[in-house]
Structures are given as structure tokens and as C-alpha cells.
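K.L.:
Chains as they are written, first to last, in the working numbering: chain A, 1 to 495; chain B, 1001 to 1252.
Incorrect hints may have been included.
Calculated cross-link-like contacts (lysine-lysine; reagent style DSS-like; alpha-carbon spacing at most 27 Å) [said to hold, decoys possible]:
| no. | chain 1 | residue 1 | chain 2 | residue 2 |
| --- | --- | --- | --- | --- |
| 1 | A | 43 | A | 108 |
| 2 | B | 1133 | B | 1157 |
| 3 | A | 485 | A | 464 |
| 4 | B | 1120 | A | 464 |
| 5 | B | 1157 | B | 1120 |
| 6 | A | 309 | A | 202 |
| 7 | A | 43 | A | 380 |
| 8 | A | 108 | A | 393 |
| 9 | A | 31 | A | 108 |
| 10 | A | 309 | A | 380 |
| 11 | B | 1183 | A | 393 |
| 12 | A | 207 | A | 291 |
| 13 | A | 46 | A | 31 |
| 14 | B | 1183 | A | 479 |
| 15 | B | 1089 | A | 309 |
| 16 | B | 1089 | A | 464 |
| 17 | A | 380 | A | 393 |
| 18 | A | 31 | B | 1183 |
| 19 | A | 479 | A | 464 |
| 20 | B | 1089 | A | 380 |
| 21 | A | 153 | A | 202 |
| 22 | A | 393 | B | 1089 |
| 23 | A | 309 | A | 393 |
| 24 | A | 108 | A | 153 |
| 25 | A | 108 | A | 202 |
| 26 | B | 1089 | B | 1120 |
| 27 | A | 438 | B | 1183 |
Just so you know, these hints were derived from the structure itself, not from any lab. On a predicted model such as this, the values are computed, not experimentally measured, just so you know.
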Amino acid sequence: MSEVQTHATEWNRHDFPTAARELLQNSQTRKNVQHATNVIQAKRNKVVAELPDWEDLRESGAQVRAHALRHLDYYLTQFEENCTRAGGRVHWASDAAEANRVILGLIKQHGAREVIKIKTMTSEEVGLNAHLEANGVRPIETDLAELIIQLGKDRPSHFVAPALHVNRQQVRAMFQREMNLPDLGDRPEDLATAARTYLREKFLRVKVAVSGGNFLIADTGGICITESEGNGRMCLTLPDVLIAIVGIEKVIPSFRDLEIFLQTLPRSATGERMNPYNSTWTGVHPGDGPKEFHVVLLDNGRSPILADKEARQTLQCIRCAACLNVCPVYHQTGGHAYESVYAGPIGAILTPQLHSMEEGRSLPYASSLCGACYQVCPVKINIPEVLIHLRGKIVREDQATLAGQFSLWNIGMQAAAFLFHDSDRLAMAERLGQIGQKPLVSKNGFIEWLPLMLSGWTQTRDLKAMPPQSFRDWWAKEKAPNAEKRRREERVANA
Amino acid sequence: MLVSLFITCYNDALFPQTGKAVVSVLERLGHQVEFRPEQTCCGQMHWNTGYLREAIPIIRHFVSVYRDAETVVIPSSSCVSMMRDHYVKAAEMDGDTRLVAEIQELLPRIYEFSEFLVRKLGVEDVGAAYPHKVTYHASCHSMRSLHLGDIPIRLLKQVRGLDLQPIQNMQECCGFGGTFSIKNPDVSSAMLADKVRNVLNTGAEVCTAVDNSCLMHLYGSLHRQRTFVRTAHLAEILASGYAESGTEGVGA
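Chain A on its own, in the form it takes in the complex (with noise of 0.2 Å):
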């Protein structure tokens, strides 16, 4: 087995239609996708529907994160002030490279040339495993579908079961390829035996760990992590330091909306009633715990999506990943295709904002407005809303050059726009397109073949021939003249 383990290259940049026609090609990981989706899907279910008041929990948990987030200077020096005086440190950054080089700081300082992680989405949007690699660190991942990744120098493909694209005899032989365990079995109980050997070395002897946070608490200074293995509760306890990294948006007002919190997150992640290990924990205590504790708060592109009014519901967002498990586009291609670690419905409104919306540009068309994932939110963000405010946004921006304004969709919807002012217009383009379709219509009475862009559609799909009368000409036809003898019937009734 390799000492260094060598993270995943950058991930490529290719538009969603491209990289989805890709993957499309995997039946394995599709396959794999759909089963674990449907799986956790229906235990979600199941467990939502036993509360009564699921829908008051949801508009409790929009508000109480919609409030935290229109005070978030408030609540982040709150938060600041109580992690300081608890005998935390807190650390600000900016940006990727700035949380990276606080994070390298605080290990080289220690003289660490390990760290062990918790799994952090947050960390692997800022790239922290490859930074520590090139400067002579090795980041071991210790939650299981992480080490999988790790081992497997593969990407994360859904944030909370970051290996959901794997199944187990995938898992198998790359265990016993990197493991060295040859004789290795499928059954799950010889997967998790292997894991917990290779890892269980590792917390014993490894003194620096990374952890993310699913929340932060404001009145306490303390940081909530849930999770469901265990490995999180031995990065929290047993190193020496412990270094968290969250992004600026995770944090809460109070201990208490907890409440509200690990009621919904559980049960919207995993299909759980409760996660079997909910840590929070709140500066050093002599004796017990790590004896250094740090908290990266990260911006990275969060203070801009703030200042959209129409976007910022963005950032409630909680991390369950209930909208890619109910998402039928995130069904067919899995996470990969969003090319972000922040894959599905959010990853389609975040990852670009995230960017300025310099990346990603078509991710916030990779939805058929479905709704699903605004229905299965536990904070109530509007999804649809957000994608068609992003898309938007990017109109605008194409038809401020010359290729935008000159493209094809922008002529054709300028076109449709001008055909839509008056119903005169439409009916005679109405009458044109029942000519004008002739050439394109097969002998069956259906268009098999369309042009340029529309191409896409009979790649798989026949088109019906617009019948020869549209229902306005009918209507002029066959019925407005025995409404004008109605009326005029009325008036002499009336005279």
C-alpha cells in the first residue's frame, strides 16, 4: 500500500449536458444510484411522516436559519466571542488558499505530519486535502464512504454519502487492492471489520484532526457534528488538536434551535429518527478532549450570495441532501456530473453562485423545475425559484456580448417574445408553421427529425404534426358565429 495517498485531480470543466452524456454511459453507477436514492428515499419518508408536525418544523427551521443569516454579522461575532472565551481559537478566511494556509499553519506548528479527518465537505470545496498533500501532510479520511473516496482517488459524489456511486463489490476490491486484504469479503460486517483495523491505528496515534460542523452555535461558542459511525467522536476526543472548518453561513442562534434541528437534518440525511452520534462541543476543558481547538470560519463566495435578496435563501441550506435523493435528474447521472462537491438541486444553485457565477453557468439549467426538491427542503428553500432567478442572471449576462445576442436561443426567444405581444402574430405564425412543417413531417403524420438545437428532442422522441386547424381558427370558425347570433338573440329578448 502507498504511504501518500494521492487526492483526486481537479474536477474537470465540462458544461452538465456534456458531462451528464458521459456518465449516462455508466450503467454500474447508475444503477448504484438509483438503488442507494430510492433506499434512503423511502426510509426518509417513513420516518417524516410519523411526526405530525413535519411542516411546522420546516417553517421553524427556514426561519430560524433565514434570521440567523439576516444577522450573520451579529450571530458570527456572537459566536466568536463565546468559542474565544470557552478557550477556542477562531480564524477568519477569506477564501480557499487563506483557510488552507491557516489549516497548514496550525499543523506544521505542531509538527504533525498526519492528520485525521471527519468528513468535511467544506474541506473538500477548498481543496485542503491536496494543499496538505503538496506540503508534506497526509490527510486520512476516517469516515468510511471518505476513506472509500480516498482510497479509491475518486471524487465525492453526494455530500452526505459521499460514495453512494460505489457499491460493495466496488468497495471489496479496493480494499483488497489498497488494504492489502486479499482474501477479503462483500458481506458489509468484513467491509466495516476492515475499515475499523485500518482506521482504529490511526486515532490512536494520529494527534491532529480536521473536522467540518454542521452548526454553529452562537450563545454557546460550541459546534454541533452529527453523524452515524462513530469516527467523528474519536477525531473530537482523542487527538491533541482539533481544527474545524465551517463556512460562515452554518451558524444558529441558540442551543435550543437545536431542537428543531436534529429533529429535521437526521430524518431528511439518513432516513434516521436521530443520528447515532450528535457531538457538541465548546472550547478546552483540562483533562478532557483535545487541548487546542480552532474554528476556520470560511467565506469562500458566501458574503456575495448574502447580498442577493432574491438567492440568499441559498445558504439555509443544512447539508441533508434530501433534494439529490429525491431528484430525478440526480437519479439518471449521479453526483459527478455537477462536477462539484456540491452535487443535485442545491449543488445546481450553489455552485455557481459560489463562483460568481463565473462556473458553472449551466448548472442552473440541470432541472426540469420539478419541485421535488423544494417539497422535501427541511428549511423551505425554494429551489425553482433560485434556479430560474440564476438563469436569469445568466440571460442577462449573455446578452450583454455580441455571441449572446447573436446565439441562436436569444433570436429564437426574442423571436417568440414578439409573436407573443399580439394574437394576430401568433395566429399567422400559427399558419406558417402548419405550411412551413411540411418538409419535416414523415409519412406517419410525425416529425422524426429537427434542426440545430431542437435536435436533441427527436434524438429519442417522434413530434406530432400541427394539425391543419388551430383551435383559435376553429373557434372563429364553428362557434364565434353562434355566440354573435346568441347575443344578438338577447338583445331582441331584451328590447
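Mind docking chain B on chain A? Use the hints.
P.N.:
Same frame as chain A, now just chain B:
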């Protein structure tokens, strides 16, 4: 009641038989139907594709046509959801407070077709007969925006001779999504394949819905594969079985 029919742009051009069916059902129930020829489109395609500024004159046009209508009935849940979910926001974005007020005044008088029958008129049995095996596709907007629940099912259950077959994963999108099917044709096709498989598994001859947009998408694949399944808007099923009186589609 005087019912003003907003046919919608794509029904006007592609599915005139749905409009005729709506007229037939409403007249059967004793209502007068009017069609305002100035109507065009609800603006959904522009709005949902991000052409927000371009949608506003279309919205304004719709409001100007129907401002004084007693009741507007629309055989498309997605167009109704465009109005309920986005019109006020669009007018606010444009800073037009008068338009906002007009929209708020008009919205309560706008109904999706099946919603109008059951919620407004309190009718479930419209006297239709349709001796076929049918499955119902619940469109996303009908479920998650208009919250129609089992309204269309209740209407179908009263149709004589109709054998209603439940479909698996009813709540999952068919993959149309308007311009989504053009911008993401491969993912859309994959979603469609799953939906079509579920339709075929029901054994139904006919797949119905309250949105011809989904049905156009579904039928696109059902026909490409040369399956025996056809699609029909709910209104067309509810207008069936009147043939004996010989007045189908003609003014009452």
C-alpha cells in the same frame, strides 16, 4: 356561469381537440364559454428559461385580456402555476405596482380545468363514458404547485367503463421541463425512459394527464417506440361518451 377559456399557446397550435373538449364539458354542465381571441401565451417558457424581462410584456398582455373576466379556465396546470407562483413576482420585479394589484385581483378567478370542475363547481361526475384501460400521469405542477391531489383521479373514477390503472413512481417528473428537454436532451430522455417504462407496466392503452406538455413528451417516446399506448388530455376523456346526443363540441 360565463367561463373564459384560456387555451394556452401550445394547446392552441398543437392540441385544439383539448380545447374543444373543455368547451364541450363546460357547456354540458350548463355554462357559457367564451374565447377571447386576443389571448396568446402565459409567458412561462420565457420566464422559466431565464428570459425574465421578455416575459413581462406577455404577462401584461394576459392580464389586459382577462382583467374583467368572470372566471378563467385553463387546461394546463403548468400555465396556472406560472401565474400563481410567478406573476406577482414578475410584476414586482418590473416595479409595476398597478400590475401587481391587477394580478392579485385576477388570480382568485383563475382555475385549472379539473380544479374548476371539482373545487369550484363541486362536480365529479360529468356523465362521461370511456371504455378503456387508462393510467394517470400526475404532472409536477399539478401536484406540487396547484396541489390538485386526487382531483383528477376522482373525476376519472366517475367515468363509465374506464378502467383506471395505478402507475409506479407517480410523483416523479417525466423529464420534459420545457426547454430543459432541449438544453439537456440526454438526461431528459433518460427520465422519459423511466416514465415510459412505468406507463407500459400498467398495461393501459391510454395515458392521461392535465397537461398536454407532459403528454406530448410521453407520446413522443411512446410513438417512437411504436407502442400501442396513446395519450389523451383529461378533458378529452371527460368529453367522451356524449356521441349519442350528436352534439359533441358544438355549442349548447
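K.L.:
Indicate, hint by hint, whether the structure satisfies it.
P.N.:
Against the structure, the hints come out as follows:
no.: 1; hint: 43/A to 108/A; result: violated (44 Å)
no.: 2; hint: 1133/B to 1157/B; result: holds (12 Å)
no.: 3; hint: 485/A to 464/A; result: violated (36 Å)
no.: 4; hint: 1120/B to 464/A; result: violated (34 Å)
no.: 5; hint: 1157/B to 1120/B; result: holds (19 Å)
no.: 6; hint: 309/A to 202/A; result: violated (46 Å)
no.: 7; hint: 43/A to 380/A; result: holds (20 Å)
no.: 8; hint: 108/A to 393/A; result: violated (43 Å)
no.: 9; hint: 31/A to 108/A; result: violated (43 Å)
no.: 10; hint: 309/A to 380/A; result: holds (16 Å)
no.: 11; hint: 1183/B to 393/A; result: holds (17 Å)
no.: 12; hint: 207/A to 291/A; result: holds (10 Å)
no.: 13; hint: 46/A to 31/A; result: holds (23 Å)
no.: 14; hint: 1183/B to 479/A; result: violated (39 Å)
no.: 15; hint: 1089/B to 309/A; result: holds (13 Å)
no.: 16; hint: 1089/B to 464/A; result: violated (35 Å)
no.: 17; hint: 380/A to 393/A; result: holds (22 Å)
no.: 18; hint: 31/A to 1183/B; result: holds (24 Å)
no.: 19; hint: 479/A to 464/A; result: holds (26 Å)
no.: 20; hint: 1089/B to 380/A; result: holds (18 Å)
no.: 21; hint: 153/A to 202/A; result: holds (20 Å)
no.: 22; hint: 393/A to 1089/B; result: holds (15 Å)
no.: 23; hint: 309/A to 393/A; result: holds (13 Å)
no.: 24; hint: 108/A to 153/A; result: holds (25 Å)
no.: 25; hint: 108/A to 202/A; result: holds (19 Å)
no.: 26; hint: 1089/B to 1120/B; result: holds (26 Å)
no.: 27; hint: 438/A to 1183/B; result: holds (25 Å)
Comparing the model with each earlier hint shows violations of hints 1, 3, 4, 6, 8, 9, 14, 16; every other hint is respected.
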